[in-house]
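**Student:** Sequence:
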Amino acid sequence: MYIPPEWPAEVRPPSVPDWETSAVAWLLDAVPPDYRAYEVLRRHPVALASMARHHVGSAIEAARAGYRAAAVDLKGHLPPHAIESVLDTYRAEGPRLVRLSHAIRAVERALRGDLFTTR
Numbered sequence: 014m015y016i017p018p019e020w021p022a023e024v025r026p027p028s029v030p031d032w033e034t035s036a037v038a039w040l041l042d043a044v045p046p047d048y049r050a051y052e053v054l055r056r057h058p059v060a061l062a063s064m065a066r067h068h069v070g071s072a073i074e075a076a077r078a079g080y081r082a083a084a085v086d087l088k089g090h091l092p093p094h095a096i097e098s099v100l101d102t103y104r105a106e107g108p109r110l111v112r113l114s115h116a117i118r119a120v121e122r123a124l125r126g127d128l129f130t131t132r
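For what it's worth, the working numbering labels the leading residue of the sequence shown as 14, then goes sequentially.
Hints listed in this document are in silico derivations from the structure and should not be mistaken for laboratory results.
Predicted model only: the values in this text are computed from it and were never measured.
There's no promise every hint is true.
What the hints assert, rightly or not - Ranges between beta-carbon positions, derived for each pair:
1. D127 / E23: 29 to 35 Å
2. P46 / R104: 44 to 50 Å
3. A105 / S71: 41 to 47 Å
4. M14 / L100: 25 to 31 Å
5. T130 / G89: 50 to 56 Å
6. A60 / Y80: 27 to 33 Å
7. A82 / R56: 48 to 54 Å
8. P30 / H90: 49 to 55 Å
Ideal Cβ placement from N, Cα and C applies to all residues, glycine included.
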């Protein structure tokens, strides 16, 4: 079975029995800790994947907005080198979130029963 490059290393391949257990554990790490309290998300991994996709999508938008506003918002409250460090943090976090989003989409597709093929 082909596994796409964005597939997370922490999740067993869909061809392995009970792979969904590793998918649920990994997805729960991608959302706020309070999501663990909802049994429905453990029983229905597709719902968890959908919520994770929306959550991470919102985090991407928030990081972009924060990056655009950081220099103005923090001017006068932080020294210039600290503002640049904050911007560096956004520059690192943005791509990490985008990679996470791609990985969540791959897992969600598999949970929905899609089969991966090479392109």
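**Student:** So, for every hint listed, does it hold in this structure?
**Tutor:** Status of the hints after comparison with the structure:
Between D127 and E23 the beta carbons are some 20 Å apart, a value that contradicts the proposed interval 29 to 35 Å. Between P46 and R104, the C-beta spacing of about 26 Å breaks the proposed range 44 to 50 Å. A hinted range of 41 to 47 Å is violated for the C-beta pair A105 and S71, which are about 19 Å apart. For M14 and L100, the hinted distance range of 25 to 31 Å is not satisfied, since their beta carbons lie about 41 Å from each other.
Separated by about 54 Å at the C-beta atoms, T130 and G89 satisfy the suggested range of 50 to 56 Å. The supplied range of 27 to 33 Å is met by A60 and Y80, whose beta-carbon atoms lie about 31 Å from each other. Distance hint check for A82 and R56: the Cβ-Cβ separation is about 40 Å, which falls outside the suggested range of 48 to 54 Å. Roughly 54 Å separates the CB atoms of P30 and H90, a value that falls within the hinted 49 to 55 Å.
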